[in-house]
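Visitor: Just so you know, we're using this note's numbering here: the sequence shown kicks off at 1 and counts up by one.
Treat the hints as calculated values from the structure; they're not laboratory data. What you are looking at is a predicted structure, and each value in this text was computed from that prediction instead of being measured. Honestly, I wouldn't trust all of these hints.
DEER-style ranges, computed between Cβ atoms [to be verified]:
no., residue 1, residue 2, range
1, 95, 156, 55 to 63 Å
2, 244, 72, 22 to 30 Å
3, 186, 62, 31 to 39 Å
4, 130, 99, 46 to 54 Å
Straight-line alpha carbon distances no greater than 25 Å define the calculated BS3-like cross-link-like pairs of lysine-lysine that follow [what the hints assert, rightly or not]:
no., residue 1, residue 2
5, 178, 219
6, 178, 279
7, 202, 184
8, 228, 203
9, 228, 159
10, 178, 202
11, 203, 219
12, 140, 159
13, 202, 228
14, 184, 159
15, 203, 279
16, 159, 178
17, 203, 178
18, 219, 184
19, 178, 140
20, 203, 184
21, 178, 228
22, 184, 228
23, 272, 97
All C-beta atoms, glycine included, are put in the ideal place defined by N, C-alpha and C.
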Amino acid sequence: MNRHGVSDAFGLILQHDLEAMCGWAPVAYENSDCEGIHQMRVSLRRMRSALSVFSRVIAPDLLSLWSDDMRWIANALGPARDMDVFLNESISPLAGKTPFTHGEQVLRELTRTRRDQLQLQLQQTLNSQRYQNFIKEFSKWLENHGWFQWDMPARDRLKMTQSVRDFAIRTLDRRLSKTCQRGKDLASMSDEQLHELRIECKKLRYATDFFSTLFPGDKLRNFVQNLKAIQNILGLMNDVAVLPSVIDPLLEGVSDPEVLRFAGAVFGWRAKGYDDARKLFEMRWSQFMVTSPPWQHDK
1 MNRHGVSDAF GLILQHDLEA MCGWAPVAYE NSDCEGIHQM RVSLRRMRSA LSVFSRVIAP
61 DLLSLWSDDM RWIANALGPA RDMDVFLNES ISPLAGKTPF THGEQVLREL TRTRRDQLQL
121 QLQQTLNSQR YQNFIKEFSK WLENHGWFQW DMPARDRLKM TQSVRDFAIR TLDRRLSKTC
181 QRGKDLASMS DEQLHELRIE CKKLRYATDF FSTLFPGDKL RNFVQNLKAI QNILGLMNDV
241 AVLPSVIDPL LEGVSDPEVL RFAGAVFGWR AKGYDDARKL FEMRWSQFMV TSPPWQHDK
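With the hints as constraints, model all of the structure from the sequences given.
Guide: Quick look at the structure:
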């Protein structure tokens, strides 16, 4: 990528993630592996992050339409993904480990029934004209470099043809600064603020991934590994924080005491995991804050 200008880098990044998303779409459609939905959502987040990263050099009005469609697809996939996470990370780990066997079975069945309903909605989205048009038109836009016009003002053309390395360093500096700013008052952060920090960490991680080939070596790999560990911890904490919004609708109208007891056991077990994760996060974050960004050595 070091030989490319910003415009070329932008196209390469989006093309890679679009191909990844399309590759996982049949898996998500058939629900043959829960990674299908997850990886589609990752690709969508990465593409939206790329649109944000490059919005300083590419007119935002050229990007907003694609971003809206990507958000729509991701939102359509989200509820099914939430059920997968709840089933695999909240119910399955407690299988046979509580005295509420009947309650576990019923809650599992309620979750699977809801998951099946959401699968039909997901399939409707992937079969929709809007989704098909997005794939077709976005692919064409990437192929034709639709953001680059030779009759554009010289200043805009210069921005797009600038060194991708210089652009990457400035971008990563901004992302890192914003991420650190979000986490400066760690002790007093609410669940909502931790979620916002998690989003900033994702944006920094994706930006680092985009430009990773420009900064080879162990320093960048170690930086990314530390950032990934923080992301995973924050993700676990967020899963616990949003657990009521996932489980409460499943329990609507349920009066069976054993089902409610098992649900309570799930809450209690995940709450303990949250407390442990928070302590680990504070340690990891303190280490991250004093880490020297690897790209700054290349200035």
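Visitor: Could you run down the list of hints and mark each one as holding or not?
Guide: Against the structure, the hints come out as follows:
Between residue 95 and residue 156 the beta carbons are some 58 Å apart, a value that agrees with the proposed interval 55 to 63 Å. The hinted range of 22 to 30 Å is satisfied by residue 244 and residue 72, whose Cβ atoms lie roughly 26 Å apart. Under the hint 31 to 39 Å, the C-beta atoms of residue 186 and residue 62, about 38 Å apart, fit the expected range. Range check, residue 130 to residue 99: about 48 Å between beta-carbon atoms, so the 46 to 54 Å window is met.
Annotation: proposed proximity of residue 178 to residue 219 holds, straight-line Cα distance about 21 Å (limit 25 Å). Proposed proximity of residue 178 and residue 279 is supported: the alpha carbons are some 23 Å apart, at most 25 Å. The suggested pairing of residue 202 with residue 184 holds, with an alpha-carbon distance near 17 Å, which does not exceed 25 Å. Restraint check for residue 228 and residue 203: satisfied, since their Cα atoms lie roughly 11 Å apart, inside the 25 Å limit.
The straight-line distance between the Cα atoms of residue 228 and residue 159 is roughly 31 Å, outside the 25 Å bound, and the hint therefore fails. About 12 Å separates the Cα atoms of residue 178 and residue 202, which keeps this hinted pair within 25 Å; it holds. Straight-line distance between C-alpha atoms of residue 203 and residue 219 comes to about 19 Å, which keeps the hinted pair within the 25 Å bound. Note on residue 140 and residue 159: the hinted pairing holds, with a Cα-Cα distance of about 23 Å set against a maximum of 25 Å.
Distance hint between residue 202 and residue 228 is fulfilled; the C-alpha atoms sit about 9 Å from each other, no more than 25 Å. For the hint pairing residue 184 with residue 159, the CA-to-CA distance comes to about 33 Å; that exceeds 25 Å, so the pair is violated. For the hint linking residue 203 to residue 279, the alpha-carbon distance of about 23 Å falls within 25 Å, and the restraint holds. Straight-line distance between C-alpha atoms of residue 159 and residue 178 comes to about 23 Å, which keeps the hinted pair within the 25 Å bound.
This hinted pair checks out: residue 203 and residue 178 have alpha carbons roughly 10 Å apart, not beyond 25 Å. For the hint pairing residue 219 with residue 184, the CA-to-CA distance comes to about 24 Å; that is within 25 Å, so the pair holds. A hinted pair counts as satisfied when its Cα atoms are at most 25 Å apart, and residue 178 with residue 140 does not qualify at roughly 34 Å. Taking the CA atoms of residue 203 and residue 184, the gap is about 17 Å. The hint holds against a cut of 25 Å.
Using a Cα cut-off of 25 Å, the hinted pair residue 178 and residue 228 holds, with the two alpha carbons roughly 17 Å apart. For the hint linking residue 184 to residue 228, the alpha-carbon distance of about 19 Å falls within 25 Å, and the restraint holds. Simply put, residue 272 and residue 97 have alpha-carbon atoms about 16 Å apart, close enough for the 25 Å limit, and the pair holds.
Checked against the numbered hints above, the structure violates hints 9, 14 and 19; every other hint is satisfied.
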